[in-house]
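In order, the protein sequences belong to chains A and B.
Numbering-wise, this note's numbering puts 351 at position 351 of the first sequence, and it's gapless, one number per residue.
Each position in the second sequence, counted from 1, maps to that position plus 496 in this note's numbering.
Derived by calculation from the structure, the hints in this document are not laboratory data.
It cannot be assumed that every hint is accurate.
[Claimed, not checked] Cut-off 20 Å, straight-line C-alpha distance, at most; resulting in silico cross-link-like pairs (SDA-like, lysine to any residue):
#1 K651/B with T188/A
#2 K651/B with R445/A
#3 K651/B with T443/A
#4 K651/B with V1023/B
#5 K651/B with T383/A
#6 K651/B with D1068/B
#7 K651/B with R1043/B
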Amino acid sequence: MLSLVVFLPLAAAVVLVAVPRLSDVAARWAWVVVTLLDLALVAGMWLAYEAPPPGGVAFEQHVEWMPGIGSSYHVGVDGLSMPLLALTAVVFAGCAVFALREQDRPRLQAALFLFLQTSSLGLFAALDLIVFFVFFDLSIVGMYFVIAGWGRGDAARSALKFFLYTFLGSLALLLGFIGLYVAAEPHTFDMVELARSTPLADAPAAGGLVLAAILVGLAVKTPAVPFHTWLPPAHTDAPAVGSAVLAGVLLKMGTYGFVRIAMPMLPGAWRDWAWVIIAVGVVSVVYGALVALAQTDLKRMIAYTSVNHMGYVIVAVGAAGVLAGSDAQVRAVAVSGAVTQMVSHGLITGALFLLAGVVHDRAGSYDMAAFGGLAGPAPRFATLFAVGAFASLGLPGFSGFIAEFQIFTGSIAAVPVTAVALVGILLTAALFLRALQRVFTGTTRGLSVGFGDVRPAELWSVGPLLLLVLAVGVLPRPLLDVIEPGARAVVDMVGR
Amino acid sequence: MSSATTTDAALWLLVVLPAGVGAGLCIAGRPASRLAVPVSLATAAISVLLAVAVAVVRPSVSAPFMAGTPFALAVDPLSALVVPTVAAVTMLVLVFSAGHVTSARARFHGLMLLFLAAVMLTATATTLPPLLLAWEVMGATSYALIGFGWREVHKVEAGAAAFLTTRAADLGLYIAAGAALAGGAGLALADLPDASPGWRDVVAAGVLVAALGKAAQLPFSFWLSRAMEGPSPVSALLHSAAMVAMGGYLLLRAEPLLDATGWAAGAAAWAGALTALLLGAVAVAQSDLKQLLAASTAAQLGFVVLGAGLGAVAGGSAHLVAHAATKALLFLVAGAWLAALGTKRLSALRGAGRRWPVVGVTAGIGTLALAGVAPMSLWATKDEVLVAAREESSVLYVVSLAAAALSSAYAAKVLLVVRGRPTTEAEAGYDTEVQGTRRVGRPEQAPLVVLAAGALLLGLLALPPVSHTLRQALGDTASPTAGAAELVGSALLALAVLVAALRWGLPGPVWAAAWLGLESAVDAVVVRPTLRLADSTARFDDRVLDRAVTGCAVLGERAARRAAVVDVRRIDAAVEAVASGARRLGRLARLPQTGQLHEYYVQTAAVLAAGVVLLVVLG
């Protein structure tokens, strides 16, 4: 079942490319159908999901692959990966619906995105480090082609920068994985096994080095300050659906690595370096928000808010590594908030980037100063954007609040100094209100004149994303019932 | 269905119904304009009934939520007093808006209903997560309502200023939540006093800051001034009766927590007293009716905060309720005059009270109530608080008394508007802000009458038969009661100040006119430095961090070119050198092959001789 969910998009991609004559309309709708089918399968999995025992996984599949180096095809889900699988399925389905208006080589784009979807789903389901790494790098390759092939502005350069930077990070990650492999007795790349045996528990120096390698690799992907400078040009020059997937799904691979790989497998090193991680997180929060506040380009602004939001996740997982002065329940709240933030941010920022794509489609520019009074010609668009903006700044009633409340409550209770990161929610409020004011209010002028309101494809892609954000914000229990046992398990593993 | 389940459902419905209908109206937008008024009035009416029902039955409900804390609501004596009041005032304001707000009705009524839901939730929440949820949603609806006329950027900016200021204060609640978890007390409001001592101080500080921010107390008061850019019904509901009142309400509810920490109660009391005094002076200095009423709101809420700090919960909540009715009335009157005469400047409005009798009479009642004239509502309720202040500290009492006198003073300014004679200079000031319609419709007048009745009668909450029951219910038997001497004395003081102000006029203190310069101070100390910091951080990001990365790439490229040069000039050259060396050796080896026989004989002889020498040497 899990492998079917993971590889269905790839199979569809192969079919799409191989079929000799396929009209553009058919290709686009085929893409939509496949993603919705995959989403239905993931929904079925969710309904059938039962929390596995700590250290265990559900829907497990284990097939021999490269026994000589201790690597196998091992996939499964638990409380941390199930929500992210669902997020991936939802975001890609939304992008497929949004792309119903795509005129430029839709068949190729559909195949590429289906390939990307497989690599994303595979990464979140992976329980073997080599499988994880393969999907990690394949996602980088896929996104490179998306930006270079369908991007605008300086797309080639931005795509190359994105590729080289994140690929370099993935090499650091591989170095760490090899370190874990070498230290494990018997040598293996299996995540479940490594989490159980925690290979470098007795060698703090080596453990620190391996953790550093892994963290550098993940920090580039997350992205954390100072490794984030690939993100703004990649977002600015990527197409709307590319940005939505990049922000919604790909960035989560970095933070997912923290809770899946770094924390369970290197608990001692994580505890030793928790303060550094917290510091990086706090800096990312404040720095990302400040730089976003100074932006005049709408997409760049949203890109920097991603740095800010992922910073909250880093703060929370870092605080979970500080054992002194707090009990496991409090730290579990922080980690639960971190995973909720991953899901929430994926949905919200995916929606915001699709809406930014609408702006470019109508007016050809992201410059906020060129607009004004857009709520007049495009009231529904204004409503959607306002909802997205308020959700992103963490207004209660939306999923961002559920995530941020848990993060802050857990982190401040565990490590009081993290209260400094609260400045971030004030700054994001300021920057989104400023953006709303500049673009949507006042007299209708500049590029706002003649701006067409949302079309059905745009409404039906962004609307469900924002509805989910609202649903999680008002009724968080279904999501939290899945996340909380997983978060608790991670906290217990870090505390060993 | 058992009665317990019905009343539980009533409590849920109290929050969910206005929220759902409000959200629906907002999303439906223009197509729902015609339905908006009947639907919203019906929802508000049902909410009033539900509010009264839950106030009588006092249910409590709970559902699992997050962070190990349930989403719990309950109605206790304090909320039983406040919830029906707010619901009733909302109903009356919406009736007024039916006649007053003529464009974008669906969005207006939708947002007002969302706000109602948020207030109901704030008033009934018993754990921190739903409280914080509702608290922030109130702020968001306030932003959307202040900036309702979005085509005018200054209104939207005012809304943003209000939202950001209250959000900054709300960070206190986030910190309080973290501290409460750390202190081992859990996130239930009733359990907060049980946190461990150090953490409890942090919790109290966080709750205090958030409440002071929402209640527009010093140093946050300036946002209320900006909030006056919103439509008058919004000012009447949010910024006098409901949202700002919730700041005071939170402190009344958290009174055990403030008491347990030792310093927080005193801080709250002084914050309230100083706000009442200084913002009373600000109100006296205003020349715009809505600005005067806004400053007065902050000042009157100062009395509520003072009451919470002193433990006079009964007096504080009675004052809250009475003030809600009075101030809502006065704001609606201001709105009616603005729409009819096109101005809200006090000098231009002089004599406006004589033009429409109903409006004039109700305005008069409201103003006298505001002045603290007996037997109006704010007279008795204020005394409950003042008496507690006198027991606490005489300095505090003097400050509070001065603040009470100032309320009579600024009420006098409004009284001149109500009862003064219209002059030609005044009439020249008409139609400066909007084109006045010169009429006040029936839906606008009816709520004024009801609110005026409230302004008259709610003082009973602070007078012997009812006040005794209230104190028992709120568990506030320890605080002192106002005796006859106090009541008569304050009534005389109010009358005296009122008459003196009317007779001899009022010098408006210049330093107070600009709301104590708070906003420019915050702008200079917080806003502009932050924006400058944001700009320099962005420049750092582009010119330093990004260039460092690109620099690495350039260095890598340069190293690659250097390596290519080395590869061609050294390595490859070495290989070529070996090849040419081998060629030279080959040429050398060809030299002996001359084809001349005699030279071959010489070569053979030489080799033989060398061989013999070698044999002799080795042998």
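**Q.** Violating hint indices (sorted, rising)
**A.** Those not satisfied are hints 1, 6, 7.
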